[in-house]
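Given the sequences, and given the hints that come with them, work out the whole structure.
Number of protein chains: 4
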Amino acid sequence: MAENEDVSEDLYWRTGVSEVEPENVSIRGYDLEDLIGLPFGAMAFLLIRSRLPTPAETKVFDALLTGVLDYGLQKPGTAAARYVVSSNPNMQAGLATAALAAGDFSLAPENAARFIQERHREFIEAGSGDLEAFARSVVEDADRTRLRIPGFGHPVFKGVDPRGAKLKKIAQEAGLWGEPARLYEAIHAEFIKNPKRSHFPINDVGILAAISIAIGLSPEESTAMAIIGTLPGVTAHISEELNARKPVRVIPPKDTYTSISRRDVVADLKDAGWDCP
Amino acid sequence: MAENEDVSEDLYWRTGVSEVEPENVSIRGYDLEDLIGLPFGAMAFLLIRSRLPTPAETKVFDALLTGVLDYGLQKPGTAAARYVVSSNPNMQAGLATAALAAGDFSLAPENAARFIQERHREFIEAGSGDLEAFARSVVEDADRTRLRIPGFGHPVFKGVDPRGAKLKKIAQEAGLWGEPARLYEAIHAEFIKNPKRSHFPINDVGILAAISIAIGLSPEESTAMAIIGTLPGVTAHISEELNARKPVRVIPPKDTYTSISRRDVVADLKDAGWDCP
Amino acid sequence: MAENEDVSEDLYWRTGVSEVEPENVSIRGYDLEDLIGLPFGAMAFLLIRSRLPTPAETKVFDALLTGVLDYGLQKPGTAAARYVVSSNPNMQAGLATAALAAGDFSLAPENAARFIQERHREFIEAGSGDLEAFARSVVEDADRTRLRIPGFGHPVFKGVDPRGAKLKKIAQEAGLWGEPARLYEAIHAEFIKNPKRSHFPINDVGILAAISIAIGLSPEESTAMAIIGTLPGVTAHISEELNARKPVRVIPPKDTYTSISRRDVVADLKDAGWDCP
Amino acid sequence: MAENEDVSEDLYWRTGVSEVEPENVSIRGYDLEDLIGLPFGAMAFLLIRSRLPTPAETKVFDALLTGVLDYGLQKPGTAAARYVVSSNPNMQAGLATAALAAGDFSLAPENAARFIQERHREFIEAGSGDLEAFARSVVEDADRTRLRIPGFGHPVFKGVDPRGAKLKKIAQEAGLWGEPARLYEAIHAEFIKNPKRSHFPINDVGILAAISIAIGLSPEESTAMAIIGTLPGVTAHISEELNARKPVRVIPPKDTYTSISRRDVVADLKDAGWDCP
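Chains as they are written, first to last, in our numbering: chain A, 1 to 277; chain B, 1001 to 1277; chain C, 2001 to 2277; chain D, 3001 to 3277.
Since the hints were derived computationally from the structure, they do not count as laboratory data.
Among the hints, erroneous ones may be present.
Said to hold, decoys possible - Below, computed lysine to any residue pairings styled on SDA-like, alpha-carbon distance capped at 20 Å:
| # | chain 1 | residue 1 | chain 2 | residue 2 |
| --- | --- | --- | --- | --- |
| 1 | B | 1246 | A | 156 |
| 2 | B | 1158 | D | 3021 |
| 3 | D | 3270 | A | 55 |
Next comes the structure, spelled out in structure tokens:
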């Protein structure tokens, strides 16, 4: 980059994502105009991994982005977004709300991804090459320290989670089901040897995490992809809500138990030491 | 400010809120250490109006901040915040969500404040000094153009909104119920001459807007104060939710009507012109 | 849907986006498992338009999603997201921030989309069929009422905005450059007859708005697609920031002009009528 | 509560914050009308602690809310909020952004509060009553496991942080500097015996955490109070930004080092295995 050749690398900000010049925007080195109209999944891969994906990688990346898609009103972020726009009819506010609802209890594969990444790093460092033995020690450790292994079990599906199975199939057919994913499966195989949990599948979040690692995403980026993947559905719900013309949604009082005893403010202020008339 | 004397005013950013030096933070000209522990309402006034309030102004400002306080689960922002933290147990995400729910249909006095401010500006410019006549023309204009005047009417209260009445009383006793507020009342008096709306009170949002203008806030700042005023209540609700241990709240299916017909993806893709196996 | 056949349509919530049953999730009528792995752009179309797109529509939809992609640190939402995660290293918070930065001054084609949609509705209602004559009256009206027509002009590009040109080419080749878009072009042609603005192109936001209308999106949905389209780039920037290990970014003091005079809090409190020691 | 007497406690939602009836809102048992106009700090205490504070508690609570107040443009959340509203001129979006910027690296006393709370619980459970001995073991443990103790050290202040000192003085004068705070001080006293860190003060965040625990807040609530306390300042900054008329703020290019090499998209797609013309 001739323009920056003599520029210090000590500047306050650094970026390698894009370069913006008056007449040209270069995205990871490619002219924006050349990228407009290419499939969005491939472009998302380019932005994050800093290189163009192969067709196989694009297929898996699309699977990652479509692994959840929507969950009706059974997803906290969608419910929250509809409440928000019922009062503030603003698309941006609704989408931001849905993003904020991803976390420890839904839509964030990052805990499982971090688990897989760290266990695989330890496996590599241990150097034994024996997946089964390593998996056994992981489950024993988890049992002893009462650590929950993320991504196992489902409230409905026993044995197999069909969404997880479909995701795994796509990754395997693409040749992108790597060693970390196989280690995770070995851990799962060991985990279900305990009869009390023999029916626990690897759930869809677990598989999404495994694929995210296989495709080179950081744990945080796996959460970002889960969020982006659900935003078209959230958009559809926000449109429904804007068209519903039910301003100011509330929690239906019939669903709420309220337990409050009436009190007297003047008496209680005096009791609390205030000097009031 | 000796330090900045020779500094160009052309810098990219300008601020007059605070000055931060290594050993000293000056807030609107006062040392932060001297302000710590003063009443929060007075400090909020200082930050926004750039001068210390009188005791009367502080009283009215506290009224502004306590005008809503909480509305149980009957407020969209509180519902949304609880949904969000049921999935992402994070205080910041919950508070941000509640802020985003302020808007055209609740918790944003700014539309009413803008109405009062603009009408009062026109009244001053007209120069007649006759509040009643001007109010009459405002209502006639609104009726002709079918414009809803913000801040009038309440789903429950007829004639008087007791919260609005309390707020007005505090502002009047403080001597801070100014001409814009009186003009708004005159418009209301004219408005309820129509028998069909004779029972419409000025509601609490309307009074909050009138007081905001009286105390020198911009319309946007009136919304900010309404938001800040409810955040302690939102905090209490988020704590309740974090303690409820009900991860992943959903909209109860019994409250939802879903209308979807099943379709076949392969057939429909072909119909749409795709070439698929 | 047998389960709901006898269910009242009067329930508090209604949705037609998805149906969630214990063992099955149906998205716009299709089994989630059948959709996993299809291209994300097509799935976004399905969620929002409630039907599968044709290949041509998918191409245009991908163009919509890739029309901006990234703008380095020259985009307020990206800057804001990096500031946020420098203090709160949390992907969700960063993505939500970027979504909130879409608005009147960037990343929200909805104002232009609303303009096109409303003018086209008036054109249909007028019934003359003469695009040029109607366009002339639109520009005359705008000039008379000093209304800015959204989507015209660019700080750098004169005559043609190459990104806009690429987007238009894709839509035209797909046969999806409809009458609203042609009306918008006619308005533009009329607009640049004024020599002072003869060099104003339709900019990329204007073209994105025109395509959004052509493809059946609501104005708010056009903003949603612009936001979603930039989130992979925002994800990349957040990853850069999380790896930068520069906690607590600030506005560099050298970029800031601060104008504050020191004051004495005790003296000023007394002046304001407070009774303090 | 007569109305709910026969209502099951099994309802989906439960709350004890407020009860909303058509004509009455009861906040923690008090009529909203009776609370309007009371000092905001006392009301915030009521909402969160579910009882009215004493005058001493109110003083300390106000100290908590005014402990930071503002930090000019040297606070990531304020910078982020100004970037956001420069594109989306919306108060709510700006305030939400500022809330999201509280986190591990600033404005979130909760890590320190959690540390104090947990160490104090262990101290109670240990039952020895010897603060100094327990403090010594805490520091030894931290040194051995290389755990950073939160709330110690300041980039500028050596020995004493004057803001922390002021906060402590207020809490002590109010008689609200309890055993957990004294334990934290004992840990600090032990910590600075190491000559390399003899100049580390307890910083303002550490003292805010100690006071939060003393006043009965949960760690998450301490973060909420820090956020609420800074929002009036953020409001002032947003107003400045809305008045600055500098739409679409960017990171000044002169502050940015961009490192990107140009690439050819067609060649690279072919290399990646794509079949393109």
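Here is what the structure says about each hint:
1. B:1246 to A:156: holds, 17 Å
2. B:1158 to D:3021: holds, 15 Å
3. D:3270 to A:55: Distance of about 10 Å is within 20 Å: holds.
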